[in-house]
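Participant: Use these hints to put chain G onto chain B, whose structure you have.
Protein chains in written order, with numbering that gives the first Met the number 0: chain B, 0 to 250; chain G, 0 to 547.
Derived from the structure by calculation, the hints contain no laboratory data. Quick caveat: nothing in here was measured; it's all calculated off a predicted structure. Don't take every hint at face value.
Calculated cross-link-like contacts (lysine to aspartate or glutamate; reagent style DMTMM-like; alpha-carbon spacing at most 20 angstroms) [to be verified]:
(1) B:Lys109 <-> B:Glu37
(2) B:Lys101 <-> B:Asp27
(3) B:Lys23 <-> B:Asp99
(4) G:Lys510 <-> G:Asp444
(5) B:Lys220 <-> G:Asp98
(6) B:Lys213 <-> G:Glu141
(7) B:Lys244 <-> G:Glu112
(8) B:Lys236 <-> G:Asp200
(9) G:Lys443 <-> B:Asp148
(10) G:Lys498 <-> G:Asp448
(11) G:Lys359 <-> G:Asp452
(12) G:Lys510 <-> B:Glu37
(13) G:Lys498 <-> B:Glu245
(14) B:Lys220 <-> G:Asp134
(15) B:Lys161 <-> B:Asp148
(16) B:Lys23 <-> B:Asp100
(17) G:Lys106 <-> B:Glu245
(18) B:Lys75 <-> B:Asp27
(19) B:Lys242 <-> G:Glu112
(20) B:Lys248 <-> G:Glu112
(21) G:Lys494 <-> G:Glu522
(22) G:Lys234 <-> B:Asp210
(23) B:Lys236 <-> G:Glu141
(24) G:Lys443 <-> B:Asp99
(25) B:Lys242 <-> B:Asp162
DEER-style ranges, computed between Cβ atoms [to be verified]:
(26) G:Glu45 <-> B:Glu239: 41 to 51 angstroms
(27) G:Lys261 <-> B:Glu239: 58 to 68 angstroms
(28) B:Gly142 <-> G:Pro545: 36 to 46 angstroms
(29) G:His231 <-> B:Asp149: 13 to 23 angstroms
Some chain G residues near chain B, calculated using beta-carbon distances under 7 angstroms [as the list claims (entries may be wrong)]:
(30) Asp119
(31) Glu120
(32) Leu143
(33) His146
(34) Ser162
(35) Gln164
(36) Leu174
(37) Ile313
We treat Cβ as the ideally placed atom computed from N, Cα and C, and that holds for glycine.
Each chain, written out:
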Amino acid sequence: MSEIILCACKKGHKISEKSVSDWKEKLDAAQLSYTFVEDLCGSIAKNEVQLGDLVKGKEPVFIGCQPKAMKNLVAKISSNDVPNTFQFYNAAESSPEILDDKEIQKGAPKTIKYEHDWKPWYPVLDYDLCTSCQKCMNFCLFGVYALDDDGMVVVENPANCKDLCPACARTCPSNAIVFPKHHESPIDGGKGELPIFDGGNFLNQIQQSQDVYKLLANRRKTSGIALMKDQLSLADKEREACKNKENNKKD
Amino acid sequence: MALVHMDDSEFIKNMIEKQLIKIENIVPQTEIELRQLRKSIADFLEKRNLIPPLQQAELFRIAEEYLNYHPEYEVYIKTILIIINNYVWQKEVADIPFDRRVLLLPKCVRNSESCKASIDELGLLCAQCGGCKLDNYIQQAETLGYHVIVSEGTGAVSVLLQSGQIECVVGVACLDSFERSFPLTLQQAIPSIAIPLFNSDCKDSKVDESWLSEVLQLKSNTNNRFRPDFRHSKKMVDTWFENVYLNKLFPALDGSIQIANKWLQAGGKRWRPMIMLSVYQALSNNEIAVNESIAKLAIAVESFHKASLAHDDIVDNDTERYGAASLLKEHNSAIALNTGDLLLSYGYQLIAESELEPVKIQQLLKTASHGHQKLCLGQGEELAWQNQHKMPSVAQIMNIFANKTAPAFEVALKFGGIAASASDEVLLVFEKYSHALGLAYQIKDDLEDFNPDKLANDIAALRPSLVLAILNEKLPGRLDAYFQKLTDNSNGHAKEIYKMARENNAIDEAKSFLEDYKNKAFESLSALSNTSIKILLFRLLNKILPQQ
Numbered sequence: 000m001s002e003i004i005l006c007a008c009k010k011g012h013k014i015s016e017k018s019v020s021d022w023k024e025k026l027d028a029a030q031l032s033y034t035f036v037e038d039l040c041g042s043i044a045k046n047e048v049q050l051g052d053l054v055k056g057k058e059p060v061f062i063g064c065q066p067k068a069m070k071n072l073v074a075k076i077s078s079n080d081v082p083n084t085f086q087f088y089n090a091a092e093s094s095p096e097i098l099d100d101k102e103i104q105k106g107a108p109k110t111i112k113y114e115h116d117w118k119p120w121y122p123v124l125d126y127d128l129c130t131s132c133q134k135c136m137n138f139c140l141f142g143v144y145a146l147d148d149d150g151m152v153v154v155e156n157p158a159n160c161k162d163l164c165p166a167c168a169r170t171c172p173s174n175a176i177v178f179p180k181h182h183e184s185p186i187d188g189g190k191g192e193l194p195i196f197d198g199g200n201f202l203n204q205i206q207q208s209q210d211v212y213k214l215l216a217n218r219r220k221t222s223g224i225a226l227m228k229d230q231l232s233l234a235d236k237e238r239e240a241c242k243n244k245e246n247n248k249k250d
Numbered sequence: 000m001a002l003v004h005m006d007d008s009e010f011i012k013n014m015i016e017k018q019l020i021k022i023e024n025i026v027p028q029t030e031i032e033l034r035q036l037r038k039s040i041a042d043f044l045e046k047r048n049l050i051p052p053l054q055q056a057e058l059f060r061i062a063e064e065y066l067n068y069h070p071e072y073e074v075y076i077k078t079i080l081i082i083i084n085n086y087v088w089q090k091e092v093a094d095i096p097f098d099r100r101v102l103l104l105p106k107c108v109r110n111s112e113s114c115k116a117s118i119d120e121l122g123l124l125c126a127q128c129g130g131c132k133l134d135n136y137i138q139q140a141e142t143l144g145y146h147v148i149v150s151e152g153t154g155a156v157s158v159l160l161q162s163g164q165i166e167c168v169v170g171v172a173c174l175d176s177f178e179r180s181f182p183l184t185l186q187q188a189i190p191s192i193a194i195p196l197f198n199s200d201c202k203d204s205k206v207d208e209s210w211l212s213e214v215l216q217l218k219s220n221t222n223n224r225f226r227p228d229f230r231h232s233k234k235m236v237d238t239w240f241e242n243v244y245l246n247k248l249f250p251a252l253d254g255s256i257q258i259a260n261k262w263l264q265a266g267g268k269r270w271r272p273m274i275m276l277s278v279y280q281a282l283s284n285n286e287i288a289v290n291e292s293i294a295k296l297a298i299a300v301e302s303f304h305k306a307s308l309a310h311d312d313i314v315d316n317d318t319e320r321y322g323a324a325s326l327l328k329e330h331n332s333a334i335a336l337n338t339g340d341l342l343l344s345y346g347y348q349l350i351a352e353s354e355l356e357p358v359k360i361q362q363l364l365k366t367a368s369h370g371h372q373k374l375c376l377g378q379g380e381e382l383a384w385q386n387q388h389k390m391p392s393v394a395q396i397m398n399i400f401a402n403k404t405a406p407a408f409e410v411a412l413k414f415g416g417i418a419a420s421a422s423d424e425v426l427l428v429f430e431k432y433s434h435a436l437g438l439a440y441q442i443k444d445d446l447e448d449f450n451p452d453k454l455a456n457d458i459a460a461l462r463p464s465l466v467l468a469i470l471n472e473k474l475p476g477r478l479d480a481y482f483q484k485l486t487d488n489s490n491g492h493a494k495e496i497y498k499m500a501r502e503n504n505a506i507d508e509a510k511s512f513l514e515d516y517k518n519k520a521f522e523s524l525s526a527l528s529n530t531s532i533k534i535l536l537f538r539l540l541n542k543i544l545p546q547q
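Extracted from the complex, chain G is given alone in its bound form:
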């Protein structure tokens, strides 16, 4: 469903200023005109290999180009954006079985005088009395197998979309309504087709019936394509961390192994194995062919991660992890250190035992060792600054962040990619994506921690903080005193520094860094030609960095 808040685009703004857009009448008013417009756009897009999902900015760029050729359609800009987005998703929608599609119809199509339907939280429960056209649309869709919802506004529908389970949406609504729901479908990267109503005044609304009918019947012959579903991957991943399976790989005959296996199971999210598995499935376009090699690599990825956590907790003297005692607290630093080392060995052992082709094993080893090195270099750089009681520059902070956070994503993505024989181009996309995502993620974390309560500790520990680094560059020398006298009154200092950061826009600047890197991550995906992996990484990005 395609639309964008208008202030998002300079282009649109200019057009409004030039009074090129008449807001009232932006949908062509006859079926014939609409068909012509669709045909003209389809012809224009035919030779481009556009892979969904497209970002807002990309949609606007394409629309702008189209309008260069067809300035006469400028008044229809919003409709054009919708049609472009529809075109891009069309193939994907056709691949999805009818009974996994949801048709959203607007309540305002009903006859408001005679309608006797009752409503619930999701919308109208149509009595199919035949008093309006809704009856026809519902019948056609339900006969095919669609789930039909007659709703109003975007509220209830947004809950439905946010469930993350809806695989495909065909939506009929007014342009205003699409503008509100667009960010959501974009975030979820849900294959969708939008059909704008002829009118936007919320009563006795009319829809292009032939267009609707054509869209409802879209159907391809392939039904077995992989469709990313994190909950599904999670279920599969969880089975690999059950005692039975782990004990088969690493028989818990020894105390150290028992501790390591337990630590490997701790904490429920298992993001990395899930990412790895989803990437593998998306690239091999197959949900079923997951074998033991993949399970082993997924556990390897998690082992590396858990090893780094065990070591981190020693460095930071953290007594708590996942809401329970850390290894450090439950045992002691020597045992925590040793368990981390043991888990590293798990990772390399599992790569060796994955039984993939030697060339892939070579690639995996290179990826894993490279990731470790980056992590250590990032950590080393941070320690060096702490020893000097100084705050690094913004560029140096970024370097630390990139080294410390990007490998977490990169290793998981590349493991999945390598296992699925991904091309070098795809692996390169993973690198760029991880770099941008890792930085954005770390900045987000940084911003969340930048409050007077937590700040005191961070200053005391001289943790590298982007906000502080920005502030430090804006007010050279002003913060030195705080960094040198760490022990006295760090609470009072925290409040002063927080105030300074606000007054000097350091927080806002960090936020714009976050947006920049998030956009870079999105942009890195434009080089992908595989729809499944593009959708997957799009969704992942929005899951890790949800819209504010």
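If we strip away everything but chain B, and leave its shape as in the complex, we get:
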């Protein structure tokens, strides 16, 4: 038995109103039972939704933003890995035919509301890719990331994240950071890869070097050459902007 979960991205408008209403219309017309989630990011971050409430032993079909984004969001509330019986579809890019081979109960839709002011803008980590290198953690000035007991990087304080800032995702050498509400692929979990920043791979060089002092001296010698790569430069600017906003708030 499948259970449909339709997210409307109330706070991020990542999913167009039209595709949400199209889906609702078709599901209602077929009298299929489904769960309408106003904002999956929000409900998960606020701990207002448990996986059990959503799927109750059924095979869930999530319809919403980028499949990769939703999958990693769901992983946050799933104590084990996300089972491969879970399916994720982009609302705008898929049609109700995907339900053809599924067994779905008839009935009235349920709604999970999201009624907070806070816009749930925060990163989710794709642990298939994340190596816990801690670059994001060190880059973020606002304490979004932390290490858990096993030394894994986790999104500890999603609410500390600054609206619209995806800077840490650009510093990730594994492309493991997804901002579900970001407007661009691949940071939103869509196709493509960010150019990997090598920064001269300076930190790796330090870790492997037998003579760190020599490395520092060489860095100094070549510092006239601009080492800044586009992605890191952009990340730096985005972060700077967040910091300034924060400081202005304090003033």
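Facilitator: Frame of chain B, contents of chain G only:
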């Protein structure tokens, strides 16, 4: 660099509750006030013989005492902790050549409007355009020979510090930033001086320039002091285990000797010889005067260790060691036993041939034989419990651990100490340190092995486990059934026991034992008056028991 997470100290907590600390404004705001505060602290510390590194708790104690005399400075507690730590390290920093020092400057000193510098992973690559004060600081430091890094936050810097190669740090940062980086410099026991920024709001930051300039120029006349560096010691130790050298000592004319020499070379870490060598160098304050006597003693220490491993593998029926076949597997138990015995003879032969003064040889023999006896007594006690199918009490487990693990450290440390003519006081510190470190190390090992997968084997083999012993004391009798019926369903039992241990906080209690002994090991070092050896043992402790 001095600071501590505030919740680490009851003292600070109380002060916050009493609203004695105003978090916003904790650095004196003028150069004159800062100078007065430094002077006042220096006067207070002058007569105390403080040897770095100091632990957090010691720093707090001293700060508290200082504030008893100067309650008017209470609001500056964080700055005071920094200044005390600076004072303690000052002499050490002055001994380190300029070109082995790193100056860390904060990015926020730059003019954020006009700065055109590019950045890399480590931080800002200053264009030295003169648009802000960074240019001046960098010039002064680089003219002296410093390596300068303009960074932000602590991330990139922590990678640098963790490399274990940085010998000295002068850091300028805000108090918040020091709080984060302190645990790291503490762990690495890196000689360091910290200068707090006047402000903490991450922009257009200002630093006390005269203080910075004074610190940058710190310089003593002695440059040749021994500075512990494990990688360096490792290189030297490795040469002693090369074929050429070993075959000179023990010509491989005979099959048994060939097996023994090969086993002696196996496994790459060589912790014990490295510890021995570093201790010797630290105490004799000399990197160069390592002679053949020291090489022989280092090989002796490793021979004793390898002998015990050969025998252990027989007892535990282990077929693998260092990712390869154990002696037991490669040959058989009789050969493994014989090789172990042969290696014991190597150890005693090398002590005899070390050509040290007779009184030192006597001390070495006493240390080695004492270590062996403890090891055997610990093992014997463990075997006795296993035969009775019972789990020993917590106190008994501790006794077993102390006997089985402490000698490994104690023999290596004392060999280095004896060779360097260490005093009885220093040797006594080694004993206390090894005892605490050995216990902590074994508890850590125990905790790592305490998971449902490994537990099944451990229960089946009735291996003494601290967690199990704690659980057994909490739930008397409940575990007996598991220990008596070892063969049936040990996997299922393991899961049940693991759950019980979690629910009854047995794991957490074992963790607090670990912390206790780690602290005891740190505390044992306070009796040392030689900075090099204190730094060395501090670093060793943090290497063997890294912060969780």
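Participant: The structure should be examined with respect to each hint, and the outcome stated for every one.
Facilitator: Evaluation of the provided hints:
no., hint, result
1, B:Lys109 <-> B:Glu37, "11 angstroms, holds"
2, B:Lys101 <-> B:Asp27, "16 angstroms, holds"
3, B:Lys23 <-> B:Asp99, "16 angstroms, holds"
4, G:Lys510 <-> G:Asp444, "11 angstroms, holds"
5, B:Lys220 <-> G:Asp98, "15 angstroms, holds"
6, B:Lys213 <-> G:Glu141, "14 angstroms, holds"
7, B:Lys244 <-> G:Glu112, "15 angstroms, holds"
8, B:Lys236 <-> G:Asp200, "18 angstroms, holds"
9, G:Lys443 <-> B:Asp148, "15 angstroms, holds"
10, G:Lys498 <-> G:Asp448, "15 angstroms, holds"
11, G:Lys359 <-> G:Asp452, "48 angstroms, violated"
12, G:Lys510 <-> B:Glu37, "44 angstroms, violated"
13, G:Lys498 <-> B:Glu245, "46 angstroms, violated"
14, B:Lys220 <-> G:Asp134, "16 angstroms, holds"
15, B:Lys161 <-> B:Asp148, "26 angstroms, violated"
16, B:Lys23 <-> B:Asp100, "19 angstroms, holds"
17, G:Lys106 <-> B:Glu245, "17 angstroms, holds"
18, B:Lys75 <-> B:Asp27, "30 angstroms, violated"
19, B:Lys242 <-> G:Glu112, "14 angstroms, holds"
20, B:Lys248 <-> G:Glu112, "19 angstroms, holds"
21, G:Lys494 <-> G:Glu522, "38 angstroms, violated"
22, G:Lys234 <-> B:Asp210, "14 angstroms, holds"
23, B:Lys236 <-> G:Glu141, "29 angstroms, violated"
24, G:Lys443 <-> B:Asp99, "55 angstroms, violated"
25, B:Lys242 <-> B:Asp162, "12 angstroms, holds"
26, G:Glu45 <-> B:Glu239: 41 to 51 angstroms, "45 angstroms, holds"
27, G:Lys261 <-> B:Glu239: 58 to 68 angstroms, "59 angstroms, holds"
28, B:Gly142 <-> G:Pro545: 36 to 46 angstroms, "23 angstroms, violated"
29, G:His231 <-> B:Asp149: 13 to 23 angstroms, "33 angstroms, violated"
30, Asp119, "4 angstroms, holds"
31, Glu120, "4 angstroms, holds"
32, Leu143, "14 angstroms, violated"
33, His146, "4 angstroms, holds"
34, Ser162, "5 angstroms, holds"
35, Gln164, "4 angstroms, holds"
36, Leu174, "16 angstroms, violated"
37, Ile313, "35 angstroms, violated"
The structure fails to meet hints 11, 12, 13, 15, 18, 21, 23, 24, 28, 29, 32, 36 and 37 from the earlier list, while all remaining hints are met.
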